[in-house]
Amino acid sequence: MALNQHWIEERCHPPNRKSCKTPAHWNVCLLHFNELPFRHIFQHIDGQTAGPKSFSGTIGQKLICSEKLPVLDYEPIDCSITDIDRKLLSKGQQYLLDISNAIILGNCPEDLAGTLVLCSIPDG
4 MALNQHWIEE RCHPPNRKSC KTPAHWNVCL LHFNELPFRH IFQHIDGQTA
54 GPKSFSGTIG QKLICSEKLP VLDYEPIDCS ITDIDRKLLS KGQQYLLDIS
104 NAIILGNCPE DLAGTLVLCS IPDG
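Residue numbers (my numbering): 4 to 127.
No wet-lab data here; the hints were simulated from the structure.
The reader is advised that the hints may include incorrect statements.
[To be verified] Listed next, with one range per pair, are the computed distances between beta-carbon atoms:
(1) T85 / L115: 32 to 38 Å
(2) F45 / T85: 29 to 35 Å
(3) L100 / H43: 28 to 34 Å
(4) L91 / T61: 42 to 48 Å
(5) S93 / A116: 18 to 24 Å
[Unchecked claim] Pairs of lysine-lysine, BS3-like flavour, derived with a Cα cap of 25 Å:
(6) K94 / K56
(7) K71 / K94
(8) K71 / K56
Even glycine gets a Cβ: it sits at the ideal position worked out from N, Cα and C.
Please construct the entire structure, taking both the sequences and the accompanying hints into account.
In structure tokens form, the structure reads like this:
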């Protein structure tokens with residue numbers, strides 16, 4: 004049984020799960036699923052973590068104080084972003100919009116770089 008399928012059967016009970024006779028896959032699982040490949044690649048390159056929020060390898064040790072490093076300009080990436088009223092967006096979506104605009108401009112304002120947006124993603 005797949006990890007995400009097991010999580011759904013244990014904690015979530017979609018009303019039409021039995022009627023469709025296929026494993027359900029919820030979007031919340033996709034958020035966690037996106038993180039898993041990066042975590043495994045990072046552990047392969049840098050070694051195991053020393054805990055849930057600490058690193059033991061060379062790369063991870065340099066990331067510990069990365070929020071104190073200055074923000075540097077970079078080469079902008081040209082793309083189009085749909086014009087949308089910010090009031091309609093959640094705080095996390097507003098942060099993503101601001102980061103996307105910074106990518107287009109080629110620099111990230113200090114106040115945006117210092118912003119920490121916490122997302123609620125269940126462990127699983």
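Of the numbered hints stated previously, which ones are contradicted by the structure, given in increasing order? 1
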